[in-house]
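Using the sequences and the accompanying hints, generate a full structural model.
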Amino acid sequence: MQYSEGQVGRVFSVRIDDGEDFIREIERFVAAMNIQSGMVHFLGAVRNATLVTGPKDAVIPPAPRAEEIFGGWELLGFATIYPGVEGPSLHIHSAAGKGIRSLTGCLREKAEVYLVIEAVVMEFVGISARRLPDEATGVNLPVFDRVLP
Amino acid sequence: MQYSEGQVGRVFSVRIDDGEDFIREIERFVAAMNIQSGMVHFLGAVRNATLVTGPKDAVIPPAPRAEEIFGGWELLGFATIYPGVEGPSLHIHSAAGKGIRSLTGCLREKAEVYLVIEAVVMEFVGISARRLPDEATGVNLPVFDRVLP
Amino acid sequence: MQYSEGQVGRVFSVRIDDGEDFIREIERFVAAMNIQSGMVHFLGAVRNATLVTGPKDAVIPPAPRAEEIFGGWELLGFATIYPGVEGPSLHIHSAAGKGIRSLTGCLREKAEVYLVIEAVVMEFVGISARRLPDEATGVNLPVFDRVLP
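Protein chains in written order, with my numbering: chain U, 1 to 149; chain F, 1001 to 1149; chain D, 2001 to 2149.
Don't take each hint at face value.
Below, simulated DSBU-like cross-link-like pairs (lysine-lysine); rule was C-alpha separation at most 30 Å, straight line [said to hold, decoys possible]:
(1) K2110(D) to K2056(D)
(2) K56(U) to K110(U)
(3) K1056(F) to K110(U)
(4) K2056(D) to K1110(F)
(5) K1110(F) to K1056(F)
(6) K2110(D) to K56(U)
Rather than coming from a laboratory, the hints here were simulated on the basis of the structure.
All figures in this text were calculated on a predicted structure; none of them were measured in a lab.
As structure tokens, then:
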């Protein structure tokens, strides 16, 4: 179990507006504020988005399967932020609901805001981390400076 | 993209008990502790609640559609707190599950606790915010003091 | 409404790897870091897990019903940490998604990681709490030092 220890730094309340791409905007915000490590909590709605909702089978490397959602879905989500190969890297999971349907998965590519998404971005200071491609699993994994054996 | 910058203030661990209305109680708690801005994370269960689960169509202004849930549903949720027109205003989203069913949406009106809801209320200090009715969208939106162009 | 007031202490970024038991590992981490009270946010996936997804009926004491999930499910979750009878006690809720299916409930027993689970563990200091068996409800409840009448 790899880990790193730090403290909470700055906290940002953010509003992403109707028609904007939540993923692009929150990544742009994190870069603009020069946040190295942290987390994001968010709620709101999207007009359309792509959610990776688990593999066909639990094999390595994964063969991700995506669901496209459209027409106004409510979101509840959480993301981690660590330095990636090219600037900050976010890993974003969300539950999404419309009527009696609900999905849970990894938000990817584009998520067009419906009405508003409210996000809270919390910076961590003192964390030593990088998110890097991992050969064993075929996905990007955070690499931390400490190990609990 | 509007935003505001602050720091974390006080943290409260809160327990809302069986039969109480989670929404009324958490709003009462936030007001009693004089919390202006912050966020809430919660888990637990409800006997019954109302979830707004997306619009019929993604139009502006929205025509919200609600699902009533009853009989014991597990919750996982997140809320933002900003000063509203009449005291603190909470925007609460939750995933709710019962058996193989799951919903995700905006918790409204009343949510009667089953057994317990455990909440963590985190205050933000230094945030400049108000939640106000927005004419363009027809919903209440947080208004912050800074803009990232 | 019972509650306690504290501040945020240390923050830990944690990575739990493929094949490990998320519940066992996160409990082991919290104990190893000597965290008394706090919260955990996590995202990732599991090969298989058990989710308690609400009672058959909303009676006291509850007769929990569990769903077994397997084959690679995406997770989004939150947990509270308080001192239990035997070391730290975690109450973990999660939304879980695979394809168009989604569940929300209480993660119990064992949750075998698929690829990775990323967790953020936030310590609270100054909180006075214990999680103890509660006779009235038949479940374990956090007991705090203050009451808002």
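How the hints compare with the structure:
Straight-line distance between C-alpha atoms of K2110(D) and K2056(D) comes to about 22 Å, which keeps the hinted pair within the 30 Å bound. Restraint check for K56(U) and K110(U): the C-alpha separation of about 22 Å stays at or below 30 Å, so the hint holds. For the hint linking K1056(F) to K110(U), the alpha-carbon distance of about 22 Å falls within 30 Å, and the restraint holds. In summary, the hint linking K2056(D) to K1110(F) is supported, as the alpha carbons are separated by about 22 Å, within the 30 Å threshold.
A distance of roughly 22 Å separates the Cα atoms of K1110(F) and K1056(F); the hinted pair therefore holds under the 30 Å criterion. Between K2110(D) and K56(U), the direct Cα distance comes to roughly 22 Å. Compliance with the 30 Å bound is thereby established for this hinted pair.
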